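Trainee: Each chain, letter by letter, is given below.
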Amino acid sequence: MITKRIIACLDVHGGRVVKGVQFVDLVDAGDPATQAARHAREGADEIVLLDITATHEGRQTLLDTVRRTARELFVPFCVGGGIRTADDAAQVFEAGADKVSVNSAALKDPMLIDAIGRSFGAQAVVVAIDARRDPRANDPVRDAEVFAQGGRKPTGRRVVEWAREAEQRGAGEILLTSMDSDGTRAGFDCELTAAVSEAVGIPVIASGGAGTVDHFADVFGRGRADAALAASIFHFGVSSARSLKEELAKAGVSVRLPC
Amino acid sequence: MRVTVIDYKAGNLTSVLKALRHLGAEPIVTDSDLSLVESAERIVLPGVGHFQATERLDATGLTSAIRAAISRGVPFLGICVGMQWLYAGSSEATQQPGLGHFAEPCTRFAESSEKVPHVGWNSLDVRHGSRLLAGVEPGEFVYFTHSYKVPVTSDTAATTFYIEPFAAAVERGNVMGVQFHPEKSGATGLKILRNFLDMQAKEAE
Chain A
1 MITKRIIACL DVHGGRVVKG VQFVDLVDAG DPATQAARHA REGADEIVLL
51 DITATHEGRQ TLLDTVRRTA RELFVPFCVG GGIRTADDAA QVFEAGADKV
101 SVNSAALKDP MLIDAIGRSF GAQAVVVAID ARRDPRANDP VRDAEVFAQG
151 GRKPTGRRVV EWAREAEQRG AGEILLTSMD SDGTRAGFDC ELTAAVSEAV
201 GIPVIASGGA GTVDHFADVF GRGRADAALA ASIFHFGVSS ARSLKEELAK
251 AGVSVRLPC
Chain B
1 MRVTVIDYKA GNLTSVLKAL RHLGAEPIVT DSDLSLVESA ERIVLPGVGH
51 FQATERLDAT GLTSAIRAAI SRGVPFLGIC VGMQWLYAGS SEATQQPGLG
101 HFAEPCTRFA ESSEKVPHVG WNSLDVRHGS RLLAGVEPGE FVYFTHSYKV
151 PVTSDTAATT FYIEPFAAAV ERGNVMGVQF HPEKSGATGL KILRNFLDMQ
201 AKEAE
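So the sequences go chain by chain: A and B.
Using our numbering, the first residue of the first sequence is number 1, and each one after it goes up by one.
Using our numbering, the first residue of the second sequence is number 1, and each one after it goes up by one.
Worth flagging that the hints you see were computed from the coordinates, not collected in a lab.
For clarity, every value in this text was computed on a predicted model and none was experimentally measured.
Note that the Cβ used here is the ideal one computed from N, Cα and C, for glycine as well.
Incorrect hints may appear among the rest.
To be verified - The following label-pair restraints were derived from C-beta to C-beta distances:
id, chain 1, residue 1, chain 2, residue 2, range
1, A, T55, B, G135, 42 to 48 Å
2, A, G183, B, S32, 50 to 56 Å
3, B, T153, A, N138, 48 to 54 Å
4, A, V27, B, F161, 41 to 47 Å
5, A, E72, B, K9, 23 to 29 Å
6, A, P140, B, S32, 54 to 60 Å
7, A, R164, B, S154, 40 to 46 Å
8, A, S243, B, G135, 37 to 43 Å
9, A, D109, B, S112, 32 to 38 Å
10, B, E114, A, G30, 33 to 39 Å
11, A, R185, B, F161, 31 to 37 Å
12, A, E57, B, T153, 33 to 39 Å
13, B, S32, A, N138, 32 to 38 Å
14, A, S243, B, E92, 36 to 42 Å
Chain B with its partners taken away, still in its complex shape (with noise of 0.2 Å):
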């Protein structure tokens, strides 16, 4: 199972690859190579930090082969930063826009009595039919750290509920986002990665 890797930079991605070569998965890193993206059998953008660190994937042409490649109908998974690159853009960083793939802004955790960031485990409300969360059964955990976050749609495959609900998931056909770590979440953590290496890609129509 190889899975391409995008590195713009932005945090460390060991943790990720690690648990991808744990479930057997063959990642290949790039921070530039567009062939990569093109012969994509799927795609992970991780992301740790700040929103701005995506310019990067405008910089280096990665943005219109990864939209590409998305339109091949190849299984996407971005994941915290990589999930809310998705969207139209963040409030973190209000002059770098987003793929928009989603119509909706990511934006900052309302100001509460609640500490931001928003850094533990939570549980999720998965929607019914998400292919991404199969399995995950009520009561399971995840790991999140994160300060922004997207709103609930009817993209949205999980929410999760601090200070206000928010989409912990998100997923349309072959494109898929979690706000939480999976590669940090333990078992369930696992169980979802796993849901994303058995897809495989579909001719889009």
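Just chain A, same shape as in the assembly (with noise of 0.2 Å):
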């Protein structure tokens, strides 16, 4: 039977894994690799690594990471952050990646969708889509808007026609954060996830607000999420993959346990 993925987000800056609020207060959450091989050996089944600062100057730090985390790591590894062109993404798979994240470059040129798929087939193409909802639109929920550059820009986007065209230029899965959840620690937005989850025939992974074991639960039901991120509730050993699937795995929930 097919399980619900626990994927475990590191954000990094300059080589090193951080966590803050909204990208300010930023603390040292320790080194990529070591905490890479840590979420694996515990049970999460995949691990996403953002560059949350993506500049120029620190792609050659940034592939190194990538590189020393790829190198002992035995699961799915996705990388994201700055990828702009289908070099960059090449750089990335050649560094160890099995998937990359695209993200703004990808609002503002849609076909660099179809260039990495064609070059590294749609299993590598994760398109990851921040949007808040809109209380303007007619349904506040699938016109939910697209932003871009980690949140600061709108687009005038909606969330579930943006999700159909990535699915249409060949992504393989869909990584939507909540604008509004995230941070909040008080549970994913399943309405909206099930929304875009339902409009696209690929796998979805829920982002943004994870708090309590209930959330995942949550948003793996209601919210029909194939996989979901957790990213602040593993860090300084608040909580390991291991003991939130044993939790799921009570509460009825398909998961890899880990041997």
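Using the hints, build the complex out of the two chains.
Mentor: And the structure:
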């Protein structure tokens, strides 16, 4: 039976894992390679590494970090942040990523999705979408607005429409972040996640708002998510993938328990 | 432990090479050098992407070289599209034949309410006697990402259920394939690759 995936997310800046709220008050949370290995050992189904600053000067540092992190990692490994061209993607794959996540660059040039998919396969392209409910829209959820540049720039695009376009262009998965829920620890936006998940035929990874085990059970149920991103709850040993999954299994969610 | 890894320009090989090296093997990559197939101790055909990409194997002469190596008894492992290629062909690219070592065709998952591709960790129902999957216990999971699959037959070494039962692994003598990605399947995947690397070439009768 297919299991729901718990994905550990590492935000990196200058080669270190950092943790902060809305990208401010960053706190050092360790070495990416060490953290990734620990999460994998504790049962995370996948690792996402996001370069949250993604400066041009930082590319080499990122590639070194990816190479070091990938070396002893034998679960799927996705890298995002600052991937603007198919060449950028190729370098990240060469460094050891299995998937790349594209966001702002795909909004600017949607053909980027087609280009990466053609060279590396649809399974290797994750389109990350940051969306915020739009109270002015007819349907505030389905018509939630998509934002670029780390949530700073409204694009006028509607979330369901953009997710469908990404799928048609060959995205293998959607990583959906609710900007309303992000950082609140009050739960995922299940309505938003369900709206996108029902609109596309590819897996949807829910992100933003995780605070308790129940939140995960909820987004896998009501939210129809195929996977969920856990970032802050894993840091500083607050909760491990293992304990999260053991609780989810008790709640009747199908998960892969680490051996 | 030398292992010849075939590069047919479908996706990246980094993860497979990394896992093989981690296990102490010495992977040698070729995209056209037939002598590396002729002298191979064991062969891995990875693959993510489109079935059409396997046309490159025909164009470079690798198909014939692999067929000859297989008949000499060289252990062969196809991963994902590399497994599908062992069959007659795929509805993903109907003009492109597979190796035909196994007679069945590869087809897309049936239309259903479930998502396609099948992405994620799923369990294996291992058939007794598989050398490749020796030591894989019930309840162990492996990582899949695919939209096409091959049917369950007498050569199936393990089945997985998604929408319908399909062959997660095939094994007949020295010829093996896995639909999942052992290089991305944690300790379980490494155990399976280890089993493969431990196999020795046997001269065919």
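Trainee: Give a verdict on every hint.
Mentor: Hint-by-hint comparison with the structure:
no., hint, result
1, T55(A) with G135(B): 42 to 48 Å, "47 Å, holds"
2, G183(A) with S32(B): 50 to 56 Å, "52 Å, holds"
3, T153(B) with N138(A): 48 to 54 Å, "52 Å, holds"
4, V27(A) with F161(B): 41 to 47 Å, "44 Å, holds"
5, E72(A) with K9(B): 23 to 29 Å, "27 Å, holds"
6, P140(A) with S32(B): 54 to 60 Å, "56 Å, holds"
7, R164(A) with S154(B): 40 to 46 Å, "42 Å, holds"
8, S243(A) with G135(B): 37 to 43 Å, "27 Å, violated"
9, D109(A) with S112(B): 32 to 38 Å, "34 Å, holds"
10, E114(B) with G30(A): 33 to 39 Å, "38 Å, holds"
11, R185(A) with F161(B): 31 to 37 Å, "36 Å, holds"
12, E57(A) with T153(B): 33 to 39 Å, "55 Å, violated"
13, S32(B) with N138(A): 32 to 38 Å, "57 Å, violated"
14, S243(A) with E92(B): 36 to 42 Å, "41 Å, holds"
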